[in-house]
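Colleague: These are the residues of each chain, in order.
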Amino acid sequence: MNHPKIFALLVVISVVAFIYSCIVRFRLVSVGKPSDRISRFGERVWSMLLYAFGQKRVVSRPFGLNHFAIFWSFLVLALANAEFVVSGVTGKAVSFMLLPHPVYAALYLLFDVISVVTIVAILIAMGRRFFCPPKFIDALSRDAFIILTMILGLMIAFFGTHGAEMAARIAEGKNAFHYMPVSSAVAGLFAGMAPHAIQHAAVGFWWLHAVILLSFLNYLPYSKHMHILTAIPNCFLRSLTQVNTLPREAFTKDATYGVGDIKGFTWKDLFDSYSCTECGRCQDVCPAANTGKPLNPKQVIHDLKLNVLANGPALLEGGKPGVPLIGTGEHGSISEDAIWSCTSCGACMEACPVFIEQMPKLLMLRRHLVETEGKFPEELITFFENSEQRSNPWGIAPAERTKWYANLDVKPFDEHTEYLFFVGCAGAFDARSKQVTVALAHIFDAAGISWGVLGRDEKCCGDSLRRLGNEYVFDRMVRENIDTFKTRGVKKIVTQCPHCFSTLKNDYKQFGIELEVIHHTELLQQLIAAGKLPISAAAQGRLVFHDSCYLARHNDITEAPRAVLAATGAEPLEMPRHGRESFCCGAGGGRMWMEENLGTRINTTRVTEALAENPDTICVSCPYCLTMMEDGLKDVDAFDRVHVKDVAEIVAEHLREAVKK
Amino acid sequence: MLIVTCIKQVPDTTQVKIDPVTNTLVREGVPFIMNPYDTHALEESLRLKDRYGFRVVAISMGPPNADVTLRKALAVGVDEVVLLSDRAFGGADTLATSKVLAEAIARLAKEDELAFVICGQQTIDGDTAQVGPGIATRMKLAQITLVDRVDSVDLTAKRAVLRRKLEGRHELVESRMPAMLTVVREINRPRYPTVPMRLAAADAPVPIWNNEVLGLDVQTIGLKGSPTKVNKIFSPQREMGEIIGDGTHDPDGTAKLLIDRMLEKDLLAL
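Taken in order, these protein sequences are the chains called A and B.
Sequential numbering from 1 applies to the first sequence in our numbering.
Sequential numbering from 1 applies to the second sequence in our numbering.
In short, the hints are calculated from the structure, not lab data.
Derived Cβ-Cβ restraints for the label pairs, each shown as a range: (1) B/Asp19 x A/Asp414: 22 to 30 Å; (2) A/Asn614 x B/His249: 23 to 31 Å; (3) B/Asn210 x A/Ala314: 50 to 58 Å; (4) A/Asp640 x B/Arg238: 27 to 35 Å; (5) B/Arg238 x A/Pro534: 38 to 46 Å; (6) B/His249 x A/Asp616: 17 to 25 Å; (7) A/Gly318 x B/Ile208: 41 to 49 Å; (8) A/Trp46 x B/Arg47: 57 to 65 Å; (9) B/His249 x A/Gly541: 17 to 25 Å.
Below, in silico cross-link-like pairs of lysine to any residue (SDA-like), each with a Cα-Cα straight-line distance of 20 Å or less: (10) A/Lys403 x B/Ile18; (11) A/Lys403 x B/Lys17; (12) A/Lys375 x B/Ala200; (13) A/Lys403 x B/Asp19; (14) A/Lys532 x A/Asp445; (15) A/Lys263 x A/Pro313; (16) A/Lys459 x B/Val30; (17) A/Lys403 x B/Val16; (18) B/Lys49 x A/Glu373; (19) A/Lys33 x A/Ala255; (20) A/Lys375 x B/Thr194; (21) A/Lys224 x A/Phe145; (22) B/Lys17 x A/Gly455; (23) A/Lys92 x A/Val12; (24) A/Lys263 x A/Ser335; (25) B/Lys224 x B/Asp93; (26) B/Lys265 x B/Gly253; (27) A/Lys263 x B/Pro196; (28) A/Lys634 x B/Asp250; (29) A/Lys253 x B/Ala200; (30) A/Lys253 x B/Asp79; (31) B/Lys17 x A/Ala397; (32) A/Lys253 x B/Pro196; (33) A/Lys33 x A/Ala314.
Think of the CB as a built atom: it goes at the ideal place given N, C-alpha and C, for glycine as much as any other residue.
This is chain A alone, in the form it adopts within the complex (with noise of 0.2 Å):
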């Protein structure tokens, strides 16, 4: 017998304790500040069709499909074992038998085939984990043996039952269920066996499903399997924009700057952590955590997690956190070398299935550390000082961002000038990059677009300022840099850096200022398909294109600069890690003006997968990354062999060859 009402008693247990547990994790998020995660209704939906019930994300990669499989048997076998609680519960008189007999043929056939299927996928996901476990997952997690255990467990009870049920049918003379045909080969296990005895295994296998099947659903808000319940409203409540910017923060006296605790982040942060199921794909493309720093992006998460839950209680009754978010990076903490080692790539976001948004978390934390302490790596007091001071990350006077151009005929932007070249602090005082941007004004020449020079009036985007944390200089510069574009009357934008662009096109929105801002690839892709450069294309070396973050993933632009490429008759070779997979040269998110002290070195590791292409010349789209390439080369000793150029000079080498003739 299966005990009707011992069940439901169990089973009423189970779902209090369920609903109990959950209300206590989840009103923890609502220590959270506010974030608007509802509007565009209709957008989210179909977000979480596609990333959550189609595993978009998730199948992009090996293994996924098992993870796709896992969780569509979830969803059918949700199915079976809520008519499991039902039947039990109503000692078997309300089932799928009360349907008729072909519809519920073929829902007992579909549990039983997709039961065969979780089986092979559990027992892939298990060998994975055993045999061949890649190196960004805690491959021998107690908490992922003990779910996947359960899950085994439910589908061998679940054959256990029927099979035993069916072996007393046969025993009683009766037929199979030909709609059960693994059942059916499972009864045959029992063939031979007393009668009672294969009722007393059935019974004893529907008590062994229950157990698992309560006990699962007990464990699950205390593990990472949280995820079961909060990767789909996550997929719903993602960011439907870019995370390409941070918020602005209002300056007034009783306000906090940045986050120092977790009450700082926002609910939809906390859930985020809620959501995480720790499958490292984060961690497998994160530069820092590939290069032996302390940053690890899951484990941030994890401990925002942590920290919730140890704080969240307090905090809700009005207490003050006893956990510090900001300390060891043991327990619940996050350690400033981790904070302070994100290059703000963005891979992170782009890798996670469920839309984490793990890079705005850190450098919120990095707001609360410049901002509201005073505290961050020493070498970057130079580097703030320079740019309220002067305007520019060296603290070159303002005057020499004219140098560039002492012997080029370029003219002050005016009125009616169409576009403003934003040269960049890179661009005007790195003399490298200005070779660069001696060359982009070639280009523009010759296509003869109209274009003019701020001049010493430009100031630092303020790009670094705010992936530093340092939003009061950077909230002051932005005004100043819009107060010169009123005034000149600046409404499109070139600009030759990455940072600059995104800075300009996305942050500076926020300032109530509309520009049309382009990347210099994007112009010379319009101007080159317009037929306005004079190019010849020519048979070039081996040429091997690295995407910049700010570009490719933060922005979407990838086919741009391949084209001007391909118009100078370049055939761009690809790293295995491109487009918006690219790997950062280690100098975003203000990493350009610290030193990299701690595990090796970002652009070294770059530097040897594009070499790995045997590539003559290494092609960029970023100032920042010109640096780092060089130098990679330099560490590597390649630089007398690989030249680094960007797209800009690669064109501008053509275009003499054309006017040549």
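On the provided structure of chain A, position chain B as indicated by the hints.
Modeller: Just chain B now, kept in the frame of chain A:
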């Protein structure tokens, strides 16, 4: 006990050009900054405050807009600031300046026992390094210049042990207090103002003391009290160098050539 730290607002000299015709400084559009040496004096005052609990007052003599610089001092944590501003103070050389500063410090010292006056080694616009010593002389304070470390301060015995950074050597001195210290840039790394402190500093009052407050004889201050006369300011002529070797095709040979040439001119010692 009180520390008075003296701060000067200076033009950002990296941005100052000399007009080749008139031989005067072109200051138009050049932003003002806190004298970089003074940022270290300020920081050392604050570190002593953190260690021993001194009250720190920052003072500056300058035009009314020098309040911007004093607000920066407030933003890193000084307790009070005083701006010494009066047309009568204008055009002062180091003698007249130290007279005004000394008088102001003396007034502050009436309310609270003076422990130290801390100044930067020198300013980047005048480069005389005379104002600090001028104050010490007028106020009869112990005078310890070029301090690169404050080892200890004995508040009861009123003695401090300090290290001076001299050419090729250090000098450890014990000084009586009150003392006037000038500090070198190596002494510390200045802290960075936090946003709450910046916002508080932006609204804080900056008291202005003019000569009605100080009551000094106008013949002894400002331009009238300044014996120093600047006849001319000019940039030294730079001779164009020469390009030697061929760095592109023969970098090693060129480097060798360069080293030889530098040895020849006694620019390198072997």
